[in-house]
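Novice: The lines below spell out each chain.
Protein chains: 2
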Amino acid sequence: MQEKERTKQKTIYDISRRAGVSIATVSRVLNDSPKVSIKTKERVLQIIEECGYEPNAFARGLGTGSMRTIGILCADVADLYLANAVSYLERELRQNGFDTILNCTGYDHERKAACMKAMEARRVDAVILVGSHYIENTPEKNQYMVDASVNIPLMMVNGYLKGDHIYCNLSDDYSAYYEAVGNLLDSGCQDILFLYREATYSQSQKQKGYTDALSDRGKVFRPELVLQSNGKMEQIKEDLIQYYGEGNRFDGILASDDELAIGALKFAKAASLTVPEELSIIGCNNSVLSICCEPELSSIDNKCEIICVNTVATLMRVLDGQKASHKTILATEYIQRGTTKENM
Amino acid sequence: MQEKERTKQKTIYDISRRAGVSIATVSRVLNDSPKVSIKTKERVLQIIEECGYEPNAFARGLGTGSMRTIGILCADVADLYLANAVSYLERELRQNGFDTILNCTGYDHERKAACMKAMEARRVDAVILVGSHYIENTPEKNQYMVDASVNIPLMMVNGYLKGDHIYCNLSDDYSAYYEAVGNLLDSGCQDILFLYREATYSQSQKQKGYTDALSDRGKVFRPELVLQSNGKMEQIKEDLIQYYGEGNRFDGILASDDELAIGALKFAKAASLTVPEELSIIGCNNSVLSICCEPELSSIDNKCEIICVNTVATLMRVLDGQKASHKTILATEYIQRGTTKENM
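Chains as they are written, first to last, in my numbering: chain A, 1 to 344; chain B, 1 to 344.
Bear in mind the hints are in silico, worked out from the structure with no lab data behind them. Check each hint, because a few of them may be wrong.
Each pair may be met inside one copy or between any two copies, as identical chains are not told apart.
[Unchecked claim] Straight-line Cα separation of at most 20 Å, EDC-like style, residue types lysine to aspartate or glutamate; simulated pairs:
| # | residue 1 | residue 2 |
| --- | --- | --- |
| 1 | 269 | 294 |
| 2 | 35 | 246 |
| 3 | 232 | 305 |
| 4 | 232 | 294 |
| 5 | 269 | 179 |
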């Protein structure tokens, strides 16, 4: 029983590591490719026998080029940020000779896990999970990803999960929000509202940056200045009108995406608050939305393209059996536009 | 030679039609499925023999469910309209048990044709081409699609190409623009600028609606009031500032997408023209951009979701061997917001 369990856990990664060759080479051996020297072939086959390794479909397909397909999971490709990310990822994968299978999972945990299973069944070479929604707040709910990563590498865009075959590229949301609070305080703001949409990994990093910055600047953190709002722009505006009507006062809004920030801009107009004189607003993603509104929106550019290029570059190294970083955090950039004052 | 050519042209569709059974049934026969009655099986096999038909991979896979994959080609999934369309299509396909392979082809003809070839090689069950960019202005450049459709059904979203196995779902751009001109004239506009991005099938329909409406209302068509502008919002604004600086005057702008229309709104601000009093603006797609700007943008809702739902429903009928419409034109809806006056 114990023997069987140990055998079960062996993957193509273990063979590649033990034999000191790339995964592609192991795969070529399994596919009886003439490109591998007889000496290497014999060594790999011997290690495979020693380990009792049974190649899965993934390993068999890689060398022959019969699949060369990467699965992309995202909640909804109609989301502006996710659409951009999928566009960059698909481009990079194609340039590396890989096809993209896209599956929009929605936000429900069961659906996400089912979609991952479906990707495994499709025998893709790897799965890229796009967006921080994939990280849930209990280990149990993240287990399906850890399980999947035993057989195929998982790449995460803007999410972080620990695992031997999980590779994460994230924007530095913590520092971005820490610095944005500093910018707002420097420009004269006193009471900064943190406006977020839903509790995700990314959101928690942003909020931590917000609270730490306040604390480091000697400001008291006021929990009532953290507001959740969901839905479309009109709903966000209405939520803020109600919140303001309840007597809450603030002269800065730090929003966790651009749509929230534009909802805030609509609220400002409704409440006859001048922007940025009476109310400063900062969004996030530096999406096309940020240049549609009037005044144009100051926003945090989280460098979606760089993250995606890096994700695919990391994946190519992983598939080639090279070492790769499990967690790469990429710097963001604050884009100053009309909804914030120049620093005083 | 002639005999061979005739044989070559036979497809699973021909067998299905001659035998009076669905494509799925022909496929089941080819896969030796027990679900087909012996009588049907014998008839189908006889027709196959008579025709000298050789089943392709597509036909062999369909019955066994080994592929159930649809290829989606779009120029760039980061484009707002295309992202929405891909999101709806993927959802509908998934609900019908089909996976989506996404390939972003860009706008170059060679690349599009190469991507189509790659999809055929992937042995997808059908290809959906999203966006009117796929229709070029010479039959030679469209031939690769006609060729591909011999073996797999092609579905077009917002493009039209004639072919036995090509099924097109389009928004009624002609009527939308015809009516929009009427709305602008009724609200007191005299000189309406038609602002477009690039020459596509959709654009030609829109422009025809524009010119016909002017003509039917007794207005002289002035070619100088048709302006092309490309690039990002800031570029569109600059193009209009230059055009205006050359002495061109207009009190209405009918744009072929929302981004152009918001560029026009930025121009209006730069030229100190009040919107909608001195300049009315109408966009197209009714995208999220239309509610970001101030005033909010009047826009033509081209019912992307309905088109996509209809496209997948049509495809399911086609794959099931049922009759389906080769060209379905779906009505649009004019959404009145702050950039146009109420009709006088």
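Novice: Could you run down the list of hints and mark each one as holding or not?
Specialist: Hint check results:
For a Cα distance limit of 20 Å, the shortest separation of residue 269 from residue 294 qualifies both inside one copy, at 11 Å, and across copies, at 10 Å. In this assembly of identical chains, the alpha carbons of residue 35 and residue 246 never lie at most 20 Å apart, being 72 Å within a copy and 66 Å across copies at closest. Only between protomers do residue 232 and residue 305 lie at most 20 Å apart by alpha-carbon distance; the minimum there is 18 Å, versus 26 Å within a single protomer. Proximity of residue 232 and residue 294 under a CA criterion of 20 Å is satisfied in both settings, with 18 Å inside one chain copy and 17 Å between copies.
In this assembly of identical chains, the alpha carbons of residue 269 and residue 179 never lie at most 20 Å apart, being 27 Å within a copy and 32 Å across copies at closest.
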